[in-house]
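From just these sequences and the hints, can you work out the full model?
2 protein chains.
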Amino acid sequence: MPAASLVCFHSLISGAVEHRLTSRVKHWNQNCSLKISASLSDQSFQPVAKSLPITSKIETLLDSVKWDSKGLAVAIAQNVDTGAILMQGFANKEALAVTIASRKATFYSRSRSTLWTKGETSMNFINVQDIFLDCDHDSIIYLGKPVGPTCHTGAETCYYSSVYDLLGDQEPIQDHLASTTLYSLEATISQRKDEIDSLKNGKPSWTKKLLLDNELLCSKVREEASELAETLLQNEDKTRTASEMADLLFHAMVLLKVKDVKMEEVLEVLRKRFSQSGIEEKSSRKRSTNQS
Amino acid sequence: MPAASLVCFHSLISGAVEHRLTSRVKHWNQNCSLKISASLSDQSFQPVAKSLPITSKIETLLDSVKWDSKGLAVAIAQNVDTGAILMQGFANKEALAVTIASRKATFYSRSRSTLWTKGETSMNFINVQDIFLDCDHDSIIYLGKPVGPTCHTGAETCYYSSVYDLLGDQEPIQDHLASTTLYSLEATISQRKDEIDSLKNGKPSWTKKLLLDNELLCSKVREEASELAETLLQNEDKTRTASEMADLLFHAMVLLKVKDVKMEEVLEVLRKRFSQSGIEEKSSRKRSTNQS
Chain V
1 MPAASLVCFH SLISGAVEHR LTSRVKHWNQ NCSLKISASL SDQSFQPVAK SLPITSKIET
61 LLDSVKWDSK GLAVAIAQNV DTGAILMQGF ANKEALAVTI ASRKATFYSR SRSTLWTKGE
121 TSMNFINVQD IFLDCDHDSI IYLGKPVGPT CHTGAETCYY SSVYDLLGDQ EPIQDHLAST
181 TLYSLEATIS QRKDEIDSLK NGKPSWTKKL LLDNELLCSK VREEASELAE TLLQNEDKTR
241 TASEMADLLF HAMVLLKVKD VKMEEVLEVL RKRFSQSGIE EKSSRKRSTN QS
Chain L
293 MPAASLVCFH SLISGAVEHR LTSRVKHWNQ NCSLKISASL SDQSFQPVAK SLPITSKIET
353 LLDSVKWDSK GLAVAIAQNV DTGAILMQGF ANKEALAVTI ASRKATFYSR SRSTLWTKGE
413 TSMNFINVQD IFLDCDHDSI IYLGKPVGPT CHTGAETCYY SSVYDLLGDQ EPIQDHLAST
473 TLYSLEATIS QRKDEIDSLK NGKPSWTKKL LLDNELLCSK VREEASELAE TLLQNEDKTR
533 TASEMADLLF HAMVLLKVKD VKMEEVLEVL RKRFSQSGIE EKSSRKRSTN QS
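Those protein sequence lines, which keep their order, are chains V and L. Counting in the working numbering, the first sequence tops out at residue 292, every number present. Counting in the working numbering, the second sequence tops out at residue 584, every number present.
Watch out, some of these pointers could steer you wrong.
[Stated by the list, open to error] Each computed SDA-like pair below joins lysine to any residue, with the alpha-carbon atoms no more than 20 Å apart: (1) L:Lys362 / V:Arg110; (2) L:Lys349 / V:His176; (3) L:Lys530 / V:Val258; (4) L:Lys549 / V:Glu227; (5) V:Lys193 / V:Leu216; (6) L:Lys349 / L:Lys385.
Think of the hints as simulated: they come from the structure by calculation, not from any bench.
This is the structure:
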């Protein structure tokens, strides 16, 4: 069904989308019976089209997107926990409709002229938590949680080639993912750990000292938390608070590394808690227990 | 100079780019003399083309991008500290070359058929820290630090319309930015603070209790840090560590709110420190002082 013929969302969502979702399941069933059972046990992949209110709101929304002359808009998939940009593709009206209904990031493949749900072959879906349109309504973010690596190369994201690395004098760093500050720091701490593990001659560093001495590390985590608290109690300036929080975060992240826990796992815990208003309840519960 | 005529990066970078940068400065000089002085005092905006090695590497890199039939590729600007996707535009060869040289996010405006450096009018530049290409070399990330809001509407980013909000029964939330977990939590904490400040009748909550009681908040920050440390010392399982780190992060972020400090400021401190290998030096220095 070409995008141009999508006049009414009602027929789209109740007809074509359901048909497509059903035929996809059939296709998988024929080709990967083992994998399909995992997929079917994932309740979030049940077509939710039936439960969606089929209102003019949806039709209006799809029509409000400024599709280009080919009926496409840019669609960017972003990891809801880490903020990493996972991949970028294009969506047509049908791809966006399928994503809204199935909550699996779905694109339009320009080379194959067909819809394409990320993960339909690899099972590395991107489970969509929310979808955002930009101010001009011609660019889309699929904010979601990836199952496994996103890139077909096996990399966590498709963006692992730094232009300045490529232009530099040194050999480009392998798998230098486009990382934001928190994850660059996490990578640096991991690198120190790798140097220790591989007995490589790296520079002596404070991070390595912490990684090797649990007592020291734990006393630093406690000390930095206390210093952060003091900036409030002693009414110190904001710059001091930001600085102490940076210290606390760094030392706590070294501890995470020793325990082999990723920041992404911590953020997942937070997301699950506060999306259910759970963090407050949990903390409150804990407090009552402490006080009892 | 049309993109099609860009045969050699040497002439581009030494000729057209410098000319363009110079003419931009002239243009600004005529139109916003007050603003231009601020721009000129920003050393990072000095054309660095002269200091760039003009090698075949650069030419090869620009040629390696899979420009579409119109000579364009998708360019996504992302906040290096928060991970927020700020905006999305298109780059042609010249726009990418200018961004590499000037380290200001530069796009090709399809409607005006001209290069466009974000901030050239508003002065809200995006200072580029790194540039990434995806696996197919047809999508670009400008990873940078925005000066002020990115969107022409004054919003922090261009993505503030949630599809599920728009489809919901309730009035869509104003300025519901596409936020990842950490910043959604920060927004929730801010909301509780606003409810207190505006004396609105919201539900009683643990966050509000913490926001109103500095002694309690500080004792919780210390307690959670201690519990995180215990997961290492007592060899508790990874799930417990992630959970305690989530608690610590939450309570520390409430403290940041009381002090009116944003996580973005904390991450900026971390970026500046560890990009200069400074965090280790600083921590080491602090430790020596403590021990002295």
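Tested hints:
1. L:Lys362 / V:Arg110: holds (15 Å)
2. L:Lys349 / V:His176: Holds, because 18 Å separates the two Cα atoms, which is no more than 20 Å.
3. L:Lys530 / V:Val258: holds (10 Å)
4. L:Lys549 / V:Glu227: holds (16 Å)
5. V:Lys193 / V:Leu216: Given that 20 Å is the threshold and the Cα spacing comes to 16 Å, the pair holds.
6. L:Lys349 / L:Lys385: holds (15 Å)
In the structure shown, no violation is registered for any of the earlier numbered hints.
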